[in-house]
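Undergrad: With these hints in hand, go ahead and build the complete structure from the sequences.
Protein chains in written order, with the numbering used here: chain D, 2 to 374; chain U, 3 to 112; chain Z, 17 to 319.
Calculated directly from the structure, the hints in this document are not laboratory data. A hint or two may mislead.
[Unchecked claim] If the Cβ cut is set under 7 angstroms, some of the chain Z residues that face chain D in the computed set are: (1) 70; (2) 71; (3) 126; (4) 127; (5) 219; (6) 277.
[To be verified] From the derived model, a few chain D residues whose C-beta atoms are all more than 10 angstroms from chain U: (7) 68; (8) 136; (9) 297.
Backbone N, C-alpha and C fix where the C-beta goes; we use that ideal spot for every residue, glycine too.
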Amino acid sequence: MSKEIRPKKILDGDHNLLLQVLRKPQLMGKLDTPGWNQLLFDAHILNLRARLAHDAETLGLWPELPDKVQKILTNAKIDTASRQRKIMWEMNRVRRALYDFKEKVILVKGAAYIARNLKCAEGRDSVDLDILVAKKHLDIVENHLFMAGYASQILDDYDQQYYREWAHELPPLVHPSRLVEVDVHHTILQVTNKLSPNIDLMISSSVALDGQFHTLCDEDMLLHSIVHQFVDGTLKSSLRNLLEQHDMMGEFGEKPAFWTNFMDRAEALKLSRPVFYCLRYCVYFLNTPIPDDVMARAKENAPGWIVLKLMDLMILRTMVPFGVSDDVKRSKWTDFLSTNGLYIRSHWLRMPPMMLLSHLSRKFFRRFFVRQT
Amino acid sequence: MHEANGTFNLLSTAVFKITNAAGFLWEHMDDAHIIYDKRSGHSQALNDFAREIFDIIEDKPRNLPEILAALELILERPIEDDLKQQILQTVTEFDKMGLIEPVNLHNENI
Amino acid sequence: MVHDLLSIERRLAGPGLLMGVGPITTRISIKFPSVRDDFLHIYKNYPLYDGPQIIDYYLNVYAKNLYRRYLRPQVSINTLMNDDFVPLPQSMGLLSVEMGMNWQVAFGCKTHVLFHSGVVEKNGIGVIIPAISGSGKSTLSAGLAYDGWRFFSDEFGMLDAQTGDLYPYPRPVSLKNDSIAVMKDWVGSDEPFSREYEGTPKGTICYLRPPVSSLEKMHEPVKPRVVIHPIYSPNAKSDIIPLTETMAFFRLVRSSANYGDIGAPAFRALAKIAKECVSFEITYSCLEEAIRLVNKIIDENVE
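TA: Structure follows, in structure tokens:
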């Protein structure tokens, strides 16, 4: 069976200015006003303006940018910095709340990137604080947080039950005086997902930031990001997530054993398929430098060509927004369909079909009746 | 309610410190000291007395009895019960705002 | 700059019109002819750009579908900033436009410390008038603007945290209920006013265009010297109460929409205002009285 390994060029990265600039930030030095408007518009929709600011500064391009662009990018920088500060402060408060809890607390997603000073944290908007603890400690952690004044965001009994039975996290908690959502996870995928990796393995390999707070090890951190994008949740902010993986590969890939360890780890945790997707689209959109042997190994886990075609079609359509002056004619309708198509697809993977049906219909009917009253 | 009890138990035993990483900014106003915590982005007003307690903890980490002893030295007289209560309250507030924290919370960077 | 009315109208209906207010450039497009008329009347004298400009905000005023466009017209807006506004009937379209622009600034602007306040200036003296809704700050700011002061804003004080300068953001004044008649009387002409929008959730609303002289100087900053917190109370005796520095500081913090986001520079800037400006609370029962109190404060406290 022959496999077409490059995605078909429905929307080439070369046609989108934002992708071009993400690949080659030097281009920012050459933009005219319409170019800037297009770039800033797309970057706004995808929450990547602060990232552009960071890239421009790192490359010493900042002084060459038009004043107005500097102002707009500064605005984004301040915004992102303040969100990151809020996450860090929430981390501080959670640490205080868990003063009497002596077991591992693992920071995941944005909080981990910020705490470890990773490149992918630069200019990244983080909204929630995500932590991971062993399932057996969930109750005690939740109790400590309640005692410190956190309250559950989910008041509805049905939703509470749904979270506790099927979700990979506690119902979100919020401290009323700070309003940052704290998600306490016990695994990284919905418990019903057939891909659910061995979380104990991930927890035991975590690395300490200090005594109590940890992050996942490099390989697992990247795998978590991949799982989050290609198996779980919606794909609305997919380019940002892909960029995060691209950054991690660039940063971790410099360590000699990383790639071998990473591919072994993906196999051990049965995540080779999503890893294939990640590598495929990172190379396609962002020209991520991935060693040939790694790419070859990843392709062994590619899906059949029909699935691959479908995946290409959906990913290509969700990755780049329908910008102000995009040359490529795209319909908002198909964009919507593919985003929501992906949502259903990832939901499908999360829950057995009958359960999904009952969950969706309850949600639907509840909304319907609430509307009526 | 839980919070008050939990804090109270901890308060009587724990040694509190001002974190090094805090990076506090101060502004001195006509009738208060305003402290700005760069980590939280919160500003609080401290009167002279609260400022004194803050300085005592900043000077070196102390538990509650040690804070009281230091204040007695400064005031040159024993501290009565209702003042003790106020000091306890101030220290509780400091802890709640994150201005101070129990010492064995490590990692100065987070 | 564009001046030709036909091309302005065409841009506004189609790809979007570029309009500048103070430091902010917005691209606005409006699909409803009647809303365009209201918009162009109240934004007469504002700078419109013809050539390419780098755009801060995009505001799209549209109908969700043909039913909402023609049969039961309803105005929806998209600010591209996580908004979720309830659509309004076509007759209240200008309210949607104003709400959208307010939202974009309140939610999006982080380069300036924003105060929920009016700001005016005379003889180089910047006055910040922070207040909650219903305190009469819009009426007082507009009253001063049509009494020889330069109008900066009735809603958004914009402070550059680094330089300590206030920047004008002179959008139309939003007047409610009784204050509409008061201001029409005060201005002495109906021309700078919008239609009156009756039956809104806040009662009747009417917009007032700031004086042309203020719009012409919309890029000239001023140093803040005085902070006045107004309290409108129809039966109260007028009163002036000085605030301590600490009170002045915390009131500014509370009135700021983005103090927490900007961080340390905002702290320093607000502390500077609390220490270097004079701060008062005034209680008043009518516009003339409020203006008298403002002038009295300036005369007695600022040389």
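Undergrad: Compare the structure with each hint and give your call.
TA: Quick rundown of the hints versus the structure:
1. Using the Cβ-Cβ criterion of 7 angstroms, the hint placing residue 70 of chain Z at the interface with chain D is satisfied: the shortest such distance is roughly 4 angstroms.
2. Look at residue 71 of chain Z: its Cβ gets to within about 5 angstroms of chain D, closer than 7 angstroms, so that hint holds up.
3. Because the smallest distance between the Cβ of residue 126 of chain Z and any Cβ of chain D comes to about 4 angstroms, under 7 angstroms, the interface hint for this residue holds.
4. Nearest Cβ of chain D to the Cβ of residue 127 of chain Z: about 5 angstroms, under the 7 angstroms cut. The hint holds.
5. Taken as an interface hint, residue 219 of chain Z does not check out: its beta carbon lies about 27 angstroms from the nearest beta carbon of chain D, beyond 7 angstroms.
6. Given the 7 angstroms rule on beta carbons, the hint for residue 277 of chain Z holds: about 4 angstroms separates it from the nearest Cβ of chain D.
7. No beta-carbon of chain U is positioned within 10 angstroms of the beta-carbon of residue 68 of chain D; the least distance is around 28 angstroms.
8. Every beta carbon of chain U lies more than 10 angstroms from that of residue 136 of chain D, the smallest distance being close to 24 angstroms; the non-interface claim holds.
9. At roughly 41 angstroms from the closest C-beta of chain U, the C-beta of residue 297 of chain D stays outside 10 angstroms, upholding its exclusion from the interface.
In summary, the structure is inconsistent with hint 5 from the numbered list given earlier, while agreeing with all the others.
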